[in-house]
Amino acid sequence: MALPQRKQDATDARLAAVTLPDGPAWLTKARKAALARVSAMGLPARRDEYWKFSDPTTLTDTAVISADLADASDREFAGADALMAVFVDGAFDADASDDLEAAGVTITRLAQAQDITWAGDLLGTLEARGQSPVERPLAALTTAMATDGLLIHVTGDAARAVHVRYDRKDAGADVALHHVVKLDAGATFTLLESGAGAARFMSNMEVDVADGATFHHVRAQGRDTGRRMNTHTFTRIGTGSTFKSFTLSINGALTRNDCIMDIVGDDATAHVAGACVGDGEGFHHDDTVFITHDAVGCESRQVFKKVLRNGAVGVFQGKILVKHGAQKTDGYQISQSLLLDGDSQFLAKPELEIYADDVACSHGSTSGAIDEDALFYLRSRGVPHKTATTLLTLSFLAEALQEIDDESLGDDLRDRLAGWLDRHQS
Amino acid sequence: MAAMDVDVKEGVDQETVDAVAQLSGAYKYGWNDDEIEMDYAPKGLNTDIVKLISGKNEEPEWMTQWRLDAFARWEGMTVPNWAMLKVADIDFQDLYYYARPKSMEVKPKSLDEVDPKLLETYKKLGIPLSEQAILAGVEGAVPDEGRKVAVDAVFDSVSVGTTFQKELMKAGVIFCSISEAIREHPELVKKYLGTVVPVTDNFYATLNSAVFSDGSFVYIPPGVRCPMELSTYFRINAENTGQFERTLIIADKGSYVSYLEGCTAPKRDVAQLHAAVVEIIIEEDAEVKYSTVQNWYPGDAEGKGGIYNFVTKRADCRGDRSKIMWTQVETGSAVTWKYPSCILRGNDSQGEFYSIAIANNMQQADTGTKMIHLGKRTKSRIVSKGISAGKAQNTYRGLVSMHPKAKESRNYTQCDSLLIGSECGAHTVPYIEVKNNSSRVEHEATTSKVDDEQLFYCRSRGMDEEEAVALVVNGFCKEVLQALPMEFAMEAQALVAISLEGSVG
Chain A
1 MALPQRKQDA TDARLAAVTL PDGPAWLTKA RKAALARVSA MGLPARRDEY WKFSDPTTLT
61 DTAVISADLA DASDREFAGA DALMAVFVDG AFDADASDDL EAAGVTITRL AQAQDITWAG
121 DLLGTLEARG QSPVERPLAA LTTAMATDGL LIHVTGDAAR AVHVRYDRKD AGADVALHHV
181 VKLDAGATFT LLESGAGAAR FMSNMEVDVA DGATFHHVRA QGRDTGRRMN THTFTRIGTG
241 STFKSFTLSI NGALTRNDCI MDIVGDDATA HVAGACVGDG EGFHHDDTVF ITHDAVGCES
301 RQVFKKVLRN GAVGVFQGKI LVKHGAQKTD GYQISQSLLL DGDSQFLAKP ELEIYADDVA
361 CSHGSTSGAI DEDALFYLRS RGVPHKTATT LLTLSFLAEA LQEIDDESLG DDLRDRLAGW
421 LDRHQS
Chain B
1001 MAAMDVDVKE GVDQETVDAV AQLSGAYKYG WNDDEIEMDY APKGLNTDIV KLISGKNEEP
1061 EWMTQWRLDA FARWEGMTVP NWAMLKVADI DFQDLYYYAR PKSMEVKPKS LDEVDPKLLE
1121 TYKKLGIPLS EQAILAGVEG AVPDEGRKVA VDAVFDSVSV GTTFQKELMK AGVIFCSISE
1181 AIREHPELVK KYLGTVVPVT DNFYATLNSA VFSDGSFVYI PPGVRCPMEL STYFRINAEN
1241 TGQFERTLII ADKGSYVSYL EGCTAPKRDV AQLHAAVVEI IIEEDAEVKY STVQNWYPGD
1301 AEGKGGIYNF VTKRADCRGD RSKIMWTQVE TGSAVTWKYP SCILRGNDSQ GEFYSIAIAN
1361 NMQQADTGTK MIHLGKRTKS RIVSKGISAG KAQNTYRGLV SMHPKAKESR NYTQCDSLLI
1421 GSECGAHTVP YIEVKNNSSR VEHEATTSKV DDEQLFYCRS RGMDEEEAVA LVVNGFCKEV
1481 LQALPMEFAM EAQALVAISL EGSVG
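Taken in order, these protein sequences are the chains called A and B.
Just so you know, the numbering used here puts 413 at position 413 of the first sequence, and the rest follows in order with no gaps.
Converting from the second sequence to the numbering used here requires adding 1000 to each position, the first position being numbered 1.
One should not assume that every hint holds.
Stated by the list, open to error - The following label-pair restraints were derived from C-beta to C-beta distances: (1) Pro1080/B to Ser395/A: 39 to 47 Å; (2) Asp1069/B to Ala16/A: 37 to 45 Å; (3) Val1087/B to Thr58/A: 48 to 56 Å.
Unchecked claim - Calculated from the model, a selection of chain B residues having no Cβ within reach of chain A, i.e. all distances over 12 Å: (4) Val1008; (5) Val1012; (6) Gly1055; (7) Pro1404; (8) Pro1430; (9) Val1434; (10) Asn1437.
To be verified - Short derived list, chain B residues pointing at chain A, Cβ under 8 Å: (11) Ile1049; (12) Gln1165; (13) Met1169; (14) Gly1425; (15) Val1429; (16) Tyr1431; (17) Asn1436; (18) His1443.
Just so you know, the hints here were simulated from the structure itself, not pulled from any lab data.
From the three backbone atoms N, C-alpha and C, an ideal C-beta is built for every residue, glycine too.
So here's chain B without its partners, still in its complex pose (with noise of 0.2 Å):
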C-alpha cells in the first residue's frame, strides 16, 4: 500500500493517514461475476413492476397491498434535498428493479443445492456460507471452541440461503429472509412491518416499502439470548440494478442479540442506488447490537460510479430498560446518505451510537443519528468520527431531542472531524431540541470533555500536558472499535492506527 501523497498538517499522525488510505484506497471487492446468470424484471418502475416483486416472493394480497399504496405514496413526493450531498439526478425509471440469478429461479431447498458459483462469490469475499465454517476475522482472534454466525447471504434481490436456521429454530430464534417471513410468519410480519419506519417517512423509505425484494426477518422470543451472532451479507453484482432490502428484527421481552451487517459491491462505471430499510423492535429488557461495516463500492478516483447509499434505519425501545447499540464503520459508497436512529420511549431505555465514517477520493457523506427521548431517565451517547481524505465531504448530522415527560434523561455527544489534505471538506449539523430542564444534553468537543482525572493523574506520572490529552483522546476513540464484535476485528485493527489528533472541530 502506497502511503497517501498529500501534504498533511502537523499533528496528524502518519499512521492514521496511512490507515485512512488503506482502508478507503483500492477497493478489494470489485471483482464482478457477470458469468452469474440473471433475470430481469424490465426496466422501470410502475404497479406493474410492484405486483411483479410481489409475485414473485408469492406474497399474500395484503403485502401486495401494502406495497401498492406505498409507491401510489411515493410517485407524489420529491427528493430530499436537505443533505450536504452533490447527487447527479437519479433516473428512477432507468433502472432494474429486481434481478435474481437464474438458478434461483426454483428456490433451493438447503445450501448444497445452491448454484456453487454463487458459493464462490460469498467465498471470496470471506463470508462462509458452509455450517461447518466458522468466520475467521484475523488469525489467533477465534476462540478455540470456535464461534458460530448464523449467515443470511442477499444476491442483487434475493436471498441466497441463511445458515443455521435449524440451531437457532431449537432457541426459538427466527431467522430468515424476510421474503420467507411474509410467507411463513405473516402474522409477526403484520404486527411490525412499518412500525418504527412508517410507509410515509421519507422519500427514499417509501420507495423501499414499494419495491423491497428481500432482506432478513430476525424474531428473538422472549428471554431468550439469541446463541450466536446473526448476519446479513449484502452483495450487489448486477449492472444498472437498485438494491432494496428491508431487514426487521424484533427482540421480545428481556431477549439479546448481536447482529451484523456487510456489504460489497463490484466496480462499475455507472453508479448504482441502494435503499434498504432496517426496523428494530425492542422490548421491556432486551437488547440489540447491531453492527455495520460498509463497505459498497465507492466509485473511482473522479468519482465515476460507485453505491449511492440511501438508508433508513430505526430502533424502537418500546419497552422499558430496553437496550440498542448502533456501530459503524463507513468507508465505502460514493454516497452515503444514513442516520440509523433510536426512538428512546421506554422508560430507564437507552440508545448508544458509535461511528467512524471515512470519506475518500470523490466520496461524500452524510450520516449522524438521532436520539429521540420520549421516556423518563433515557439514556443515548453519540460518539461520531468522520475522517475526509482527496476531495471527500464528510457530514455529521444528528438530532437530540427531549421531550418534556422524558424527565431526567441524559445524552452526551460527542463528534470529531479529522481533514487529510487541504481538498476535502468535513461538516458537523447537530440539531439539539430540549424541552425539560432535569435532562441534561452535553454537545462538545473532545479536548473540552477531557476527564480532568484522568489527566492530572497523566501529568502526576511525569507526561506534559499535551502527551496527557492525546492519551486520553486517543484512549476514548478506541472505544468506538471496542464496541465492534469479533467479526469485524480485521477492519477494527485496521482502524486502531487512526487517531484523532489533530481533528479540526
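The following block holds chain A by itself, in its conformation from the complex (with noise of 0.2 Å):
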C-alpha cells in the first residue's frame, strides 16, 4: 500500500542522508533488508497510533539536536564485577574496555564481524519479527544504520557479567548500535547497560534466549538532560527459560524504551519493568511493551512507574497479547505515576488482546499526587517535608526496583534515584 504523501516525502529524505556501514557479506545484505523495511512502512509519524502521545520528529529528522555533556565522574554499576565494553559516541573504546573474553561467552563486535558467524541467522531476524503486528520502523533503520555493538555467544553459565559503558564527548553525535544475544541452552547470562551514548542514540538489542536459559538485564540510561533515546529490545524466550529486564531512566529530553517480547516456549517467564523520574517540561519519558504469548503456562510481569514534576510527562503503552491456545497464561502488567505537581502529564494505553478462555490477565494503571494522609502521618511523626517527599516516593518507586534480583545492583540505583529526588526537590 502506498504510503501517504507526507510520510514517503519524509521517509525519503531521511533514506537519501543515509549510507550503510562497510561490513561482510551477510551483513550488507541483512543492513539492505532492513532498509526496504523502512521503505515499505515509512519512517513514524504523530498521526501513527503507537505514536500518538509522542513525538517521533527529533527521533526521525535528519538533523541532530545537540545535547549538553553531563558530569559523569559518579558512575552507575562502578562497583560490579563485570567485563566493560565501552563506546564513545557510538566509538568503541579498546583502552576503556577490557579484553572481551571470559568462559561460558563469546564476545565479538559488530563492526569486526567476520565472513561466517553465528550471528548471521539471527541479526535482524528478530527484528522484523517484530514488526507484526505494530510496525517499528526506527528499529529497523537502527538495524541498517547501526555501525558498531556487541555479539554475544553464551554457551553455558558465562563467569562474568558484561557492562556496556555509552560514554560521550561529543555534544552533536548521532549513533547507532546494534547488539545480540544469543542463549544457549540452559546458560545464564547478565548484560549491564550505562550512559547516555550520544545526542541521539538509537540502538537495538536482539535477544535469543534457548530453552532453559536465563538472562538478566539492568540498565541505567545517562543523565544528560538534551539527550534523545530510542532503544528497541527484541526477544524470543524458549520452553523454561527466564529474561528479566530492569531499565533506570533520569532526565533526557526524550526517551522511548520499546520492548517486544515473544513468549515461544511452555513455563517460561518475562518480567519487563522500568523506573523514571523526570523534572520539567523538556523531559518526555515513554515505554513501549508488546509481551506475545504464544506458549501454555508461561508468566509474564510488566512494572513501570513514573515520577513527574514540572510539565514532565510520561507515557505508558503495554500491551499484552496471548495467543489463541496460550492456556494457562498469567500476565500481570502496572503502570503508575506519581505527578509531584499540578503540571506534569501521565498518558497511558494499557492494552490485553487475549485469544485463550483459561488465562489470568490483569492490569492496572493509577495516577495521582502524593497521598496526603501518608504525608501528613509522616510529619506528624517528626519527619521534615522534603524527607517525608522522598521517603514516600522512593516507596512508589519500589515495587519496579524490587524487579532487580541482584540487590547490589538495585541498591546502587536506588541511591541514584534517593539523590535525584533530594536535588530535584523545591
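Make the complex out of the two chains shown on their own, each in a separate frame, by following the hints.
What follows is the structure, given as C-alpha cells:
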C-alpha cells in the first residue's frame, strides 16, 4: 500500500541521507533488507497509533539536536564485577574496555564481524519478526545504520557479566548500535548497560533465549538532560527460560524504550520493568511494551513507575497479546505515575488482547499526587516535609526496583534515585 | 434452551454459560413483516436522495442545507479502520436510505389511525402503543398504580407514533419525533442539533447528519422531573435498508428524565447498516439516565446477515452539577461500534457508564466510553463487563481524559472480560490521559480492587478467601443491572445469572 505523501517525503528525505556501513556480505544483506523494511513502512509520525503520545520528529529528522554533556564522574554499576565494554559516541574504546573474554561466553564486535558467524542467522531476524502486528520502522532503521555493537554468544554459565557503557564526548553525536545476544540452552548471562550514548542514541538489542536459559538485563540510561534516545529490545523466549529486564531513566529530553517479547516456549518467565524520574517540560519518557504469549503456562510481568514534576510527561503503552491456545497464561501489568505537581502529564494505554479462555491477565494503571494522609502521618511523626516526600516517592518506586534480582545493583540505583529526588525538590 | 455445548474452563459458572446462551442464542425477534407495503427512495446516495429525505420530512431550507453540507463533507471521508473489527466493505451506493410504510404516506393524526399491521408488529415485540397499556416487564414487577412509559416507535425510516404526548405537554415536556421537532420547534433544534456531535465528528456521524430520516426529540424544561419514562423503540424491517436515526435530548436546568431505547430487526441474510447519532445536552443540576438494550439481529451462527451497528452517542454535561448515566446491555448486532461518551464540562458534573456486552457466534463488538473531564471536581465511573462466546470478539475501548483545568477530578474504571470457550477473544484498549495531579485516575481489574473491609467482614463470618472475593465481586457486577430501569427487568433477570467468576482480565 502506498504511504501517505507526507510520510513518503519524510522517509525519502531521511533515507537519502543514510550511508550503510561497510561489512561482510551477510551483514550488508541484512542491512539492505532492513532498509527495505523502512522504505515499505515509512518513518513514524505523530498520527501513527503508537506515536500519538510521543512526537518522533527529533528521532526521525536528518539533523541532530545537540545535548550538553552531563558530569560523568559518578558512574552506575561501578562496583559490579563485570567485563567493561566502552563506546564513546558510538565508537568502541579499546583502552577503556576490558578484553572481552570470559568462560562460557564469546564476544565479538559487529564492526569486526567475520564472513561466517552465528550472528548471521539472527541479526535482523527478531527485529523483522517484531514488525508485526505493530510496525517499528525506527528499529529497522537502526538495524540498517548501526555501525557497531556486541555479538554475544553465551554457551554456558557466563563467568562474568558484561557491562556496556556508553560515554559521550561530542555534544552533537548521532549514534546507532545493534547488539545480538544468543543464549544456548541452559546458559545464564547478565548484561548491564549504562550511559547516555550520544545526543541522539538509537540502539537495538536482539536476545534469543533458548530453552532453560536465563538472561538478566539491568540498564541505567544516562542523566544528560538534552539527550534523545530510542531503544528497542526484541526477544524470543524459549521453554522454561527466564528473561528479566529493568531500566532506570533519569532525565533526558526524549526517551522511548520499546520492548517486544515473544514467548514461544512453554513455562517461560518474562519480566520487564522500569522506573523513571523527570523534572521539567523538557522531559518526555515513553515505555512501549508488547508481549506475545504463544505458549502454555507462561508468566509475564510489566511493572512501570514514573515520577514526574514541573511539566514532565510520562507515557506507557503496554500490551499483552495472548494467542489462541496459550492457555494458563499469567499476565500482569501495572503502570503508575506519581505527579508531584499540577503541570505534569501521564498518558497511558494498557492493552489486553486475549484469544485463550483459561488465562489470568490483569492490568492496572493509576495516576495521582502524593497521598496527603501518608504525608501527614510522616509529618506528625516529626519527619521533615522534604524527607517525607522522598520516602513516599521511593516507596512508590519500590515495586519496580524490586524487579532487580541482584541486590547490590538494586541498591546502587535506589541511591541514585534518592539523590535525584533530594536535588529536585522545591 | 439447550445448554451451550462448549468446554468451559474451571471456575466459570454453568449458570452464566446458560444465561449467555439464552441471551445471545436463538433470536426471538427475527420475523419479518414483508406484508407491510413499503415506499422506498431509489437505491444509492447522492444529493438528490439527501434532498428527497429532507423533502419527505417537510424540512425548512436551513435543515436541507445542513444535510447537504454534511453530505459534501462525508464524500471526502474514509471509513475508519482503527477498531478491532473485521467488517466486509460496505457499498454505500447499494443501500436504500429511505423506506416508509405505504400507510404512513399521509401522516396519521393519532395512533388510532395507524395501520393495524404496524401496531401488530409492536404488539408482537411487547411494545405498548396504546396509552392505556402499561409496559409489562416481569409479572409482579409492575407496581400497583401502574407505570406509564411514553413510547416513540420508529419503523425503518419514520416515526409511527408517539404516545402520551398530551400528558407530557402538561408538564411542559416535549417528546416527539425529530422530524416533527424540526417542523414544530425549529428554534430548539437549531440551537442544539450538532452541538454535541458536530457534523464533522466521524464518518458515520457525518453520514447520519446527511441522511437521518427520523428519531426522537426530547426537551425537559427547567425544574421539571419528567412524569414518566420516555422510550424509543427502533425496528428495522425493510431489506437492504440502512436505518439512520437521530436522537436529541435536552435536559434544561434542574430537570430529570429517564430514557430507554430498544431495537430489533428481522433475520435477513444480507447485513444491514444502522448508523445512529444520539446527542444529549444537560444543563445545570439536570440529570439524564439513558438506558439501552440493544438487540439487533446478530446474524446466524456462520456470521451471515445481521446488523452493522455504527453509533455515535454523546452527552454534554454543560451545566454545573449535571449528571449523565449511560447503561447499556449489548447482546445483538453482527458488528457493534459504539462509544457512549460524556463531556464533563460543568464543575462537579458526573458521568457514569455501565455496560454489559455479550457476543456470541460470529459477533464482533468494539464498545466502550469516553470520559472527558474538563470541569473542576468532575467524577466519572466506568464499569464494563464483556462476555465472549462462540467465535465472537469483544473489545472494550475507552478514553479517560483529565484536562489541566479539571482539578480534583476522579475516575474509576473497571473492565472485566469473560471468555466462554477457546475460540473467542476478549480485548481491552483503554486510553488514559492525565494532565493535572490533583485528579485521581484508577484503572484496575476487579480482584485487585476488592474492598478490604468487605473481605474482612466475609472472612470474619467464616468464608474462605476465595468465597469472600467471589461474593464481593458478584455483588459488584449486579450493580450494572440495578442501574437498568424497571422496563428492562426481563433482560436484567436473565443477566443476573451471569457472574464474572473466571474472568481473564
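Status of the hints after comparison with the structure:
no., hint, in the structure
1, Pro1080/B to Ser395/A: 39 to 47 Å, "holds (43 Å)"
2, Asp1069/B to Ala16/A: 37 to 45 Å, "holds (43 Å)"
3, Val1087/B to Thr58/A: 48 to 56 Å, "violated (37 Å)"
4, Val1008, "violated (8 Å)"
5, Val1012, "violated (8 Å)"
6, Gly1055, "holds (39 Å)"
7, Pro1404, "violated (7 Å)"
8, Pro1430, "violated (6 Å)"
9, Val1434, "violated (4 Å)"
10, Asn1437, "violated (3 Å)"
11, Ile1049, "violated (31 Å)"
12, Gln1165, "violated (47 Å)"
13, Met1169, "violated (48 Å)"
14, Gly1425, "holds (5 Å)"
15, Val1429, "holds (5 Å)"
16, Tyr1431, "holds (5 Å)"
17, Asn1436, "holds (5 Å)"
18, His1443, "holds (4 Å)"
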